[in-house]
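All chains, full assembly: derive it from the sequences and hints.
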Amino acid sequence: MNLTLKIWRQKNAKEAGNLVTYPVKEVSPDMSFLEMFDVLNEQLIQKNEEPIAFDHDCREGICGMCSMYINGRAHGPAQGTTTCQLHMRKFKDGDTIVVEPWRAEAFPVVKDLIVNRSAFDRVISSGGFISVNTGNAKDANNIPIPKDDADNSFAAAACIGCGACVAACKNSSAMLFVSAKVSQLALLPQGRIERESRVLNMVRQMDEEGFGSCTNTGACEAECPKEISVENIARMNREYLMANLKK
Amino acid sequence: MSKINSKIPEGVLETKWTKYKSSVPLVNPSNKRNIEVIIVGSGLAGASAASSLAELGYKVKCFCFQDSPRRAHSIAAQGGINAAKNYQNDGDSTYRLFYDTVKGGDYRSREGNVYRLAEVSANIIDQCVAQGVPFAREYGGYLSNRSFGGTQVQRTFYAAGQTGQQLLLGAYSGLERQVGLGTVKMYSRHEMLDIVMIDGKTRGIIARDLITGKLERHFGHAVLLCTGGYSNVFYLSTNAMGCNVTAAWKAHRRGALFGNPCFTQIHPTCIPVSGDHQSKLTLMSESLRNDGRIWVPKKKDDARKATDIPEEERDYYLERRYPAFGNLVPRDVASRAAKERCDAGYGVGTSKMAVYLDFTSNTLRYGQVEANKRNLHNPTAADLKKLGQEVVKEKYGNLFEMYEKITGENPYELPMRIYPAVHYTMGGLWVDYELMTTVPGLYALGEANFSDHGANRLGASALMQGLADGYFVIPYTIGSYLASDISTKAIPTDHEAFVEAEKKVQEQLDKLMNVKGTKSVDHFHKKLGKVMWDKCGMGRNEKHLTEAISEIKTIREEFWKDVRIPGIQNELNTELEKAGRVADFLELGELMCKDALMRKESCGGHFREESQTPDGEAKRDDDNFSYVAAWEFKEAGNWELHKEELVFDVVHPTQRSYK
Amino acid sequence: MKQFLTSSIGKKTVMAITGLFLITFLIVHCGINALIFYNDGGKNFNAGAEFMGTNPIIRTMEIVLFLGILLHIYQALMLTLGNSKARPVKYAVNDAKSNSKWYSRSMGLLGTLILMFLIIHLKSFWVISRFTDEITGGHTTLFAKMKESFSADGSFQGLTVVIIYVLAMFSLSYHLLHGFHSAFQTLGLNNKKYTPLIKAVGTGFSIIVPFIFAMMPVSIYMGWIK
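In the order they appear, the protein sequences are chains A, B and C.
Here the first sequence is numbered in our numbering, starting from 1104 and rising by one per residue.
Here the second sequence is numbered in our numbering, starting from 40 and rising by one per residue.
Here the third sequence is numbered in our numbering, starting from 196 and rising by one per residue.
Worth flagging that the hints you see were computed from the coordinates, not collected in a lab.
Among the clues, some could well be false.
Quick look at which bits of chain C chain A covers, simulated, 3 or more residues with Cβ under 8 Å [said to hold, decoys possible]:
id	stretch
1	206-216
2	273-281
3	286-295
Cβ coordinates follow ideal geometry from the N, Cα and C atoms, glycine included.
Shown next as structure tokens:
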């Protein structure tokens, strides 16, 4: 396949960027999207140009590092798929593909397609944990947990923190990410002890980071590579309301 | 005095750790506040150590090269984590976990370390559950277990196919909690490029801020390397793209011995290479082998579609060769058997370097069970297939989906094509019982050290070891060193040792940037990977290893003459990052081959073709090789071998047999 | 409380509560106005209108209603401003239709259209019945006023008004289509068992209520209501 790529190039956080067109030839349909980028970068290096900087690591859809807005969609056209798991057979010969970084005030561009997602870490450190020191815990089976709760908690915990929810949301809202963590812990008995302070702190931090508000469009759920449900957002709203009523 | 003293406590195996814990010197809380600990890496070992030490009161700085500590590659582990809980009432015990691990490691690990690992394994599960890790549960609300290779009990705890992710996020939440409390300072997108030594002790690191490209000096009373394994020396492996040996290698060059570098684990069930563009390999969980049958056509170069090959023309070679264990032989055995068939010309797929993993017969069997459950009489074959596929989907749905995404083939209809791939490195920095390397004040935890898995790691044991080291071992053992260091004040980073170390790092970066050659870093990495895979991979022999050593030297020379790194040093430069890592791989690769050449026996993942039984099985040589090979770096291409004899007081090495 | 009201979730909660309150108003308004379909020359309809205009409880609620509308608008403005700040650089290509419905992304636009309509609508009917003596003084009735506004008297004006009303009801319909279930979601009332029901009721409501409203001017214009 031969393709035309239009890729966002931006030297660093301060300078302005723009879309640059690159033709790529002989792309195999078996390549992953990132392998196609490897091929393009190899060509750029051969021409002594700077390769395109993009985040990636595990390339098996779990680390959450890859983050590309491909043809107007977070992680590209495939459902429940990260960019690294997207394969070129999803595209046709002659296609033009536009690739941009995540766009959000809270995720400033670092270089080319790389953005800074440390806002997520700060949200977690504001309350996305259970305060248990190493060695405190007693036998694991002392806390039986209904299977449904455990399963729902696990489904929320599947979040990989890639930020696709923020990227896809028209308001750059981080509600799906934050609510996934709030839900995971609120569903477990050991997490309920701190449920109120947790949700209050995490929401405050989320707002301080400059994410927008949720308007329930559902774009986050549709683009989430782990298909995390917006039910979690409702749960967080509930937790937040209750916490405010009590505290 | 010998360079190496494993410091295994005296006494009976079962009480070594308890006795050690009650006699190890302690650091009082007010002193802890003045002691700084640097932790490099934020995976299971790094994150758990960082949070545990910070909880104790130490001032911790934690470094990772990713954009967030949550992305460390521990996250990709699928299957589970072992623990001797005996929740299933099936006869498990600390001793059995210890025994299985020593045996699985083909008797090349330390009894004392492994016993301690088995002992603390149960605490890990308690800790993780308390943290909110959503392990799989039964309807009664209690934890569920599954069985894994190399054991006869069910002791593996899991969270669907994402156990590593859940455990890492648990450890990460603990770490972030300490970051919030201000006891851990996190440095993400930072790469450690050297350690700093003052008066023979580790006193800090030089790290590069990957965004600005600036070098930074950081002081620490002790430095913990939790930097994972080095499978990426093979270029293609199941490791993440960024996994590297650099931190460990810099420590090695500063005097830390490297233990058993040639012990690599090759996982039998990975998605095969599809072309030259391939950048990494993806694992299909070991659990699939429970329900799949592995075969190749009986006829060489059979071009027919898998489903068109009749039953009698299929060679179920694992069942044929190992009737007792069949498709469930350990990883090393299954991998070698697949390679043997493909090398003999029976491979399948376009590359001919793959075998089939076929779920048809089990799908039909499940279909029959399901039909009985639903009281369906005389179901047609199509009905059985449909019912069976539903069962298979419930068990392995996410893996099947992943396979389809990557290959574009539907594994419910066609058998999967699989081939072995490098997965884990048992070797690593040599450490004593306290996890300290031969450099005072420098520790190695998790996959970065060599310690607990011997020559082969059992499934679901890597997660256990990483967390054991970080949560339950280092918090005790580090006290033994730091207790005598409480009077040391923080050393200002304008000390000459810091200046000298930074200068050295700067010189290497300049040197790399100034080559201005014609070939990309990947070009050399791929070349190195091919040599390693062909000559130091699943089967090794003297001729190939000798060739490999000289070939690697040549690639190394070419690299330093002809590598091209576009861009500049003082900004985000991914090619420069890769170049530094590949430069270290080019030295490590040689050492791995040297180690493999020296170890003339076959054991675990290390298969020397010269040392096999008449029917092609691995043959150990306990008389001559029952030791840990610990290599001391002299200069590039020159190492000195130290041996740590392995003493087996409790288990008695026997030849493994799976027939 | 202050922290709650200024938080992103707090603001949304205000939107949801005022939204649901306005929905209840729609039910009352629609019910009373539907009396027109008795087709009795406006007898029942005028009686209803008089009740609404004189009942002290209703008159009090009217004030609450206006406060609700203002709050709903104010909060929407605040949210929209905040949300546009959250993404200062827009995407060059954005395929939003693949992940969400257009009306869920256009609540601000739909709301503005409804507001513009409201101004016209209030001016035509509410102002004259509350601030002039045209109706209270017995010079005319609300029913007569409606016939006057919507009748096909040959002039272009009647048709224009009817078209504006119908289009406004389309805006209302789409606004409700998202707003109804969205309010429940914001208040945390999401549940595997009941959410499909809420959504179904919401969809029904969003179609039926604006349809009934739209049918009033249309029926008068077409001469179905005498």
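Residues of the stretch 273-281 of chain C with Cβ under 8 Å from chain A, three needed, outcome: Since three or more residues must qualify, the claim that chain A covers the stretch 273-281 of chain C holds, with 5 doing so at under 8 Å.
Do at least three Cβ atoms from the stretch 206-216 of chain C come closer than 8 Å to Cβ atoms of chain A? Our answer is that it holds, as 3 residues pass the Cβ test (under 8 Å) against chain A, meeting three.
Examine the stretch 286-295 of chain C for residues whose CB is less than 8 Å from any CB of chain A, and state whether their number is three or more. holds (count 9)
Against the hints set out earlier in the document, no violation occurs for any number.
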